[in-house]
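These are the residues of each chain, in order.
Number of protein chains: 2
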Amino acid sequence: MFSKDKNIQRLLETAHGLSDISSASAVLAWDQEVYMPIKGGPARAKQMATMAGMFHNNLINLQIPNVKSKNIYDLALVREMKKLKAKATKIPEKLIKEISEAASLAQQSWQLAKQKKNFGLFATSLEKILKLKIQAAKLLKTKHQSIYDAMLDEFEPGLTEKQVDYVFLALKPKLIKLAKKLKFLTLNADKNIVNKKYDLITQCKFGLKIASAMGYDQEAGRLDTSAHPFTITFSNCDVRITTWKNKKDIRPSLFAIIHESGHALYEQGVDPRLDRLQIGEGGGLGGGIGMAMHESQSRLWENIIGRSEWFWQKYFSSLKSQFPNLKKISLKQFIKAINVVKPSLVRVEADEVTYGLHIMIRYEIEKDLVAGKTKVRDLPKIWNAKYKEYLGMTPKNDAKGVLQDIHWSHGAFGYFPTYLLGTLISAQLWKKMPKTTDLRVLREWLRKNIHQFGRIYTTDELLKKITGETLNPKYFLEYLEQKFQRLYR
Amino acid sequence: MFSKDKNIQRLLETAHGLSDISSASAVLAWDQEVYMPIKGGPARAKQMATMAGMFHNNLINLQIPNVKSKNIYDLALVREMKKLKAKATKIPEKLIKEISEAASLAQQSWQLAKQKKNFGLFATSLEKILKLKIQAAKLLKTKHQSIYDAMLDEFEPGLTEKQVDYVFLALKPKLIKLAKKLKFLTLNADKNIVNKKYDLITQCKFGLKIASAMGYDQEAGRLDTSAHPFTITFSNCDVRITTWKNKKDIRPSLFAIIHESGHALYEQGVDPRLDRLQIGEGGGLGGGIGMAMHESQSRLWENIIGRSEWFWQKYFSSLKSQFPNLKKISLKQFIKAINVVKPSLVRVEADEVTYGLHIMIRYEIEKDLVAGKTKVRDLPKIWNAKYKEYLGMTPKNDAKGVLQDIHWSHGAFGYFPTYLLGTLISAQLWKKMPKTTDLRVLREWLRKNIHQFGRIYTTDELLKKITGETLNPKYFLEYLEQKFQRLYR
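Protein chains in written order, with this note's numbering: chain H, 9 to 497; chain X, 9 to 497.
It is worth saying that the hints were derived from the structure and are not from the lab. One or more hints might be untrue.
For identical chains, the list gives no copy identity; a pair is met inside one copy or between any two copies.
[To be verified] Below, a list of computed lysine-lysine pairs in the DSBU-like style, where the Cα atoms sit at most 30 Å apart:
1) LYS408 x LYS256
2) LYS439 x LYS185
3) LYS105 x LYS93
4) LYS12 x LYS47
5) LYS12 x LYS456
6) LYS217 x LYS47
7) LYS102 x LYS12
8) LYS253 x LYS217
9) LYS124 x LYS217
10) LYS340 x LYS491
11) LYS191 x LYS491
12) LYS102 x LYS14
13) LYS90 x LYS102
14) LYS255 x LYS408
15) LYS91 x LYS102
16) LYS95 x LYS105
17) LYS217 x LYS255
18) LYS255 x LYS213
19) LYS456 x LYS47
20) LYS253 x LYS213
21) LYS139 x LYS408
22) LYS91 x LYS105
23) LYS12 x LYS105
Looking at chain H on its own, in the form it has when it is part of the complex (with noise of 0.2 Å):
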């Protein structure tokens, strides 16, 4: 761990005190998210400007000491902060605070929208938050960056179209090819679970022991309801989750707290040395190293793991004692149910197969936005006809469509891409983990190799370590051919 050294126990302490404003913040949104009144909002945004500009300041005058340490923890502390400061002095206090209070109002809209199911309402916050993202990706932008490239290194430090756009290219083919065949093989294998009646606590109550088993330590976390689903860490000792409401289907609620208590495990499993190092979103050493290695760990446990015939197998008993509408259906019926795969019109409710296709849609649309080459107003339309396109389907209305992700209203521009990385690592780490189903030795699997390092060691360093290699696609697309092999032999 961290040295004796003065100058490193120096910049720890300020570390720990910008942490402290990132976890403030980050209260702030939660429960703008899931307590907040309605008419609170506007002065909440300009809260959360106010925190944003704070938290900018401290940055800018953060003094990083020469440090001639070979302690990995030393250099990786200054390597992040040095970085923080970095991006911090490129961008003026006022522009960070424009983005924060933009990005609180346009999640504010998009709910509403969503709710009434009407784009239109959240245009004009959408174009504003865009237009000031862009504005900070100029900034941001290296020389051999474009403005979307910045825009990636925000949520998985180091990534580039280029990159993304060689991986999924060579992946759509074969996941249209995959996701046609397997289209009538499992057709209408759900019909027996949906559309009945789920009470919703004893969702929530289920779900919950499901993330108990996996390991999500609730005195140091909790779950609560949200329009979107997602995990926010305050601290190692506060990493709370949300779900979202489905009384129809069993499935939503139940997937979203898995994969949300992947992300969660993450976040409890980071060395508690390296607690109050979290530090903006994504930066310091606390936390997770990047997006796609983050969601790495919600898709294992959510697909590999959670959509498993040997993990329901623990647990479909008791998932059918607490569900009446679930007694005359067989583990075999269950386990084809959540394995359907059909084109569908939600990504975070999408098939293992179809999922990639999902994220291609929001990437390209994304990149052309940023590019300058999309509009706004446009959106639906354009959204629509890529589902038609890729997945041979239309949305109803906009919350089944382009609203459908709260991801564009926070300014999350260049997020998504990580899913369907993260989807393809979670492949290639399973191939080496331990052959059990004992749910305790995996987590404690993940959290040695994984989990406690935090930011220490980049993605590439770390799948290297582990995998020997760094990402590989074929991983993702061999499990998937064995698996559907396997489940409809």
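Given the structure of chain H, go ahead and fit chain X onto it with the hints provided.
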């Protein structure tokens, strides 16, 4: 409202930023008491401390212009900002942060101690926060103030021990005499309604109905439950209240909600142009003048209005319809039950007559604590002896005794007297209020005469403006005499 003077506008902008920091800290405090998972405590204390430190730093560096304005808003702004800065300048940042962290941790150990009914679990934290608050008060106090005066000043600007003594000493024998007289008249008048079952969710729903009737805007607030009821403001448009749970008695939660709604009406009723000017705990121009005036509002609604016959003529049938256990209770019985005068152990549930004695006990104890005449470890013994002396009762355990109130855990020494002063003010105001049973008219009168002004005027100025005199306890005694005479004639 404020002039367009450039200096004033600049000061306003800074004040808004300070208010945002305060509000953000308030969100952290709210979350800590309402939703934070148990292990999140230590990190939260650090976050609170960092926030307090930043707030303090910003205050110290505040530039206050010389303004030659006759505008009362301008003058009040300069006056309040000067006061905030002057106080901050007296205390080193280190102490501010220590107090903040210690208060956050003490509040957590108070909660645990109360749950476990064991004062010992709280004693060390209380010693620490007491020591730190005395240290701060010594730095804050002026030549003419005692240490305790400096503490009183935090809650009711300018209030002194001498003033409180003067009022309380005259009041004490009268309250004791009245309590004795009424005790026999009202004996067992509540036996029909206690120790029944009252559904908790229905209690909250009904409480909110009453709160709405009072004018509490739920789109600009929300109700949650916590270990001790409180009201907290993040902006005029986000004023939240909490209540506590009691399955066996309908009164504690109901009157807590009415009490807190009384506070909330004050906060929601401040002129919106004074919003984002509530700074620190009871500083700036937003929010109420001081806690005495604030408690006058809560106590007015809770007691003078909320325990009156005319009030329940409106709502009793609705209450009855919600709770089967009240089916056989008549309005008259109910009114007597909510106006039983008898010695009891819990302040918040005390009747209007003995309430003052509960306050006097706390006042005497905290003065001695601050003066070093009493040791924290001896508190349970001293507490119980005072209860025996004043009310003829001894608590079964510390949870019903010295641990019942949250205030000391926050370091809020000097707060308690404001409850009784507020109660006295409430009767003085009531005398001048329109003789109507229309709650909207009553609320509007309060808004126009008190709420809207925030901290523009002092308590004395406002009292004189409205009633023609400063605090006069005779109205409260008159009110009590008349009320109970009418009830038990």
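A quick look at each hint next to the structure:
Taking the shortest Cα distances, LYS408 and LYS256 sit within 30 Å of each other inside one copy (16 Å), while across copies they are farther apart (46 Å). Proximity of LYS439 to LYS185 under the C-alpha cut-off of 30 Å is restricted to the intra-copy arrangement: shortest distance 24 Å within a copy versus 82 Å between copies. Taking the shortest Cα distances, LYS105 and LYS93 sit within 30 Å of each other both inside one copy (17 Å) and across copies (25 Å). For the homomeric pair LYS12 and LYS47, the shortest alpha-carbon distance between copies (27 Å) is at most 30 Å, but the shortest distance inside one copy (49 Å) is not.
For the homomeric pair LYS12 and LYS456, the shortest alpha-carbon distance inside one copy (24 Å) is at most 30 Å, but the shortest distance between copies (61 Å) is not. Taking the shortest Cα distances, LYS217 and LYS47 sit within 30 Å of each other only across copies (19 Å), while inside one copy they are farther apart (35 Å). In this assembly of identical chains, the alpha carbons of LYS102 and LYS12 lie at most 30 Å apart only when taken from different copies (23 Å versus 37 Å within one copy). Both within a single protomer and between protomers do LYS253 and LYS217 lie at most 30 Å apart by alpha-carbon distance, with minima of 17 Å and 26 Å respectively.
Within a single copy, LYS124 and LYS217 get their C-alpha atoms only as close as 34 Å, which misses the 30 Å cut-off; across copies the closest is 27 Å, which meets it. When the C-alpha separation of LYS340 and LYS491 is checked against a cutoff of 30 Å, the pair qualifies only within one copy, where the shortest distance is 14 Å, while the shortest distance between copies is 72 Å. Only within a single protomer do LYS191 and LYS491 lie at most 30 Å apart by alpha-carbon distance; the minimum there is 14 Å, versus 77 Å between protomers. Taking the shortest alpha-carbon separations for LYS102 and LYS14, only the inter-copy value of 20 Å comes in at or below 30 Å, while the best intra-copy value is 34 Å.
For the identical chains of this complex, LYS90 and LYS102 are neighbours both inside a copy (21 Å) and across copies (27 Å), given an alpha-carbon limit of 30 Å. Taking the shortest Cα distances, LYS255 and LYS408 sit within 30 Å of each other inside one copy (16 Å), while across copies they are farther apart (43 Å). Taking the shortest alpha-carbon separations for LYS91 and LYS102, both the intra-copy value of 20 Å and the inter-copy value of 29 Å come in at or below 30 Å. Within a single copy, LYS95 and LYS105 get their C-alpha atoms as close as 15 Å, and across copies as close as 29 Å, so both meet the 30 Å cut-off.
Taking CA atoms no more than 30 Å apart as the test, LYS217 paired with LYS255 passes in both settings, with 19 Å inside one copy and 28 Å between copies. For a Cα distance limit of 30 Å, the shortest separation of LYS255 from LYS213 qualifies both inside one copy, at 14 Å, and across copies, at 23 Å. Proximity of LYS456 and LYS47 under a CA criterion of 30 Å is satisfied inter-copy only: 22 Å between copies versus 45 Å inside one chain copy. When the C-alpha separation of LYS253 and LYS213 is checked against a cutoff of 30 Å, the pair qualifies both within a copy, at 13 Å, and between copies, at 22 Å.
In this homomeric assembly, LYS139 and LYS408 come within 30 Å of each other (Cα to Cα) only inside a single copy, at 25 Å, whereas the closest approach across copies is 58 Å. In this homomeric assembly, LYS91 and LYS105 come within 30 Å of each other (Cα to Cα) both inside a single copy, at 20 Å, and across copies, at 28 Å. In this assembly of identical chains, the alpha carbons of LYS12 and LYS105 lie at most 30 Å apart only when taken from different copies (24 Å versus 36 Å within one copy).
Every hint, counting from the list given before, is met by this structure.
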